[in-house]
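Enquirer: Make the full structure from the sequences, and use the hints.
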Amino acid sequence: GPSDSIKNKDASDCRSQQPQWLTDIIRIQKEVAQQERTLFWDWRDYMGGECSIKAWSIYDLARPDGVHLSREGYESSANTLYSQLSALINKS
Numbered sequence: 276g277p278s279d280s281i282k283n284k285d286a287s288d289c290r291s292q293q294p295q296w297l298t299d300i301i302r303i304q305k306e307v308a309q310q311e312r313t314l315f316w317d318w319r320d321y322m323g324g325e326c327s328i329k330a331w332s333i334y335d336l337a338r339p340d341g342v343h344l345s346r347e348g349y350e351s352s353a354n355t356l357y358s359q360l361s362a363l364i365n366k367s
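The sequence shown runs contiguously to residue 367 in the numbering used here.
Calculated from the structure, these hints are not laboratory results.
No experiment lies behind these values; they were computed from the predicted model shown.
Some hints here could point you the wrong way.
[Unchecked claim] Only pairs whose alpha carbons sit at most 30 angstroms apart, straight line, appear in this in silico BS3-like list of lysine-lysine:
(1) K282 - K305
(2) K329 - K282
(3) K305 - K366
(4) K329 - K284
(5) K284 - K305
(6) K329 - K305
Expert: Here it is in structure tokens:
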């Protein structure tokens, strides 16, 4: 699924800061993955949930735009996804 992102930094609460469609996209992708019996990796959940990109930005894992990760953030995400997939493969 997509990573966490913030569209409206000036909004007063997390839900208002998030793009309206983001939660729906993640939900739909999860549903389709279940229907198709395939894997789904919840990138936003890995990051820490809604509005977690703010914390990632503090640690230089995300860019100040509230959308894109830094090189280190993308590498961290990729390494975790690889580790989790490898663990699943080795389990089989």
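Enquirer: Each hint: holds or not?
Expert: Checked hints:
1. With a C-alpha separation of about 22 angstroms, the suggested pairing of K282 with K305 holds against the 30 angstroms cut-off.
2. Note on K329 and K282: the hinted pairing holds, with a Cα-Cα distance of about 12 angstroms set against a maximum of 30 angstroms.
3. With a CA separation close to 22 angstroms, the supplied pair K305 and K366 stays within the 30 angstroms bound.
4. A C-alpha spacing of about 10 angstroms is found between K329 and K284, which places the hinted pair at or below 30 angstroms, so the restraint holds.
5. Pair hint K284 plus K305 holds up; C-alpha atoms about 27 angstroms apart against a cutoff of 30 angstroms.
6. A threshold of 30 angstroms between alpha carbons decides the hint, and for K329 with K305 the separation of about 24 angstroms falls inside it, so the pair holds.
No hint from the list above goes unmet by this structure.
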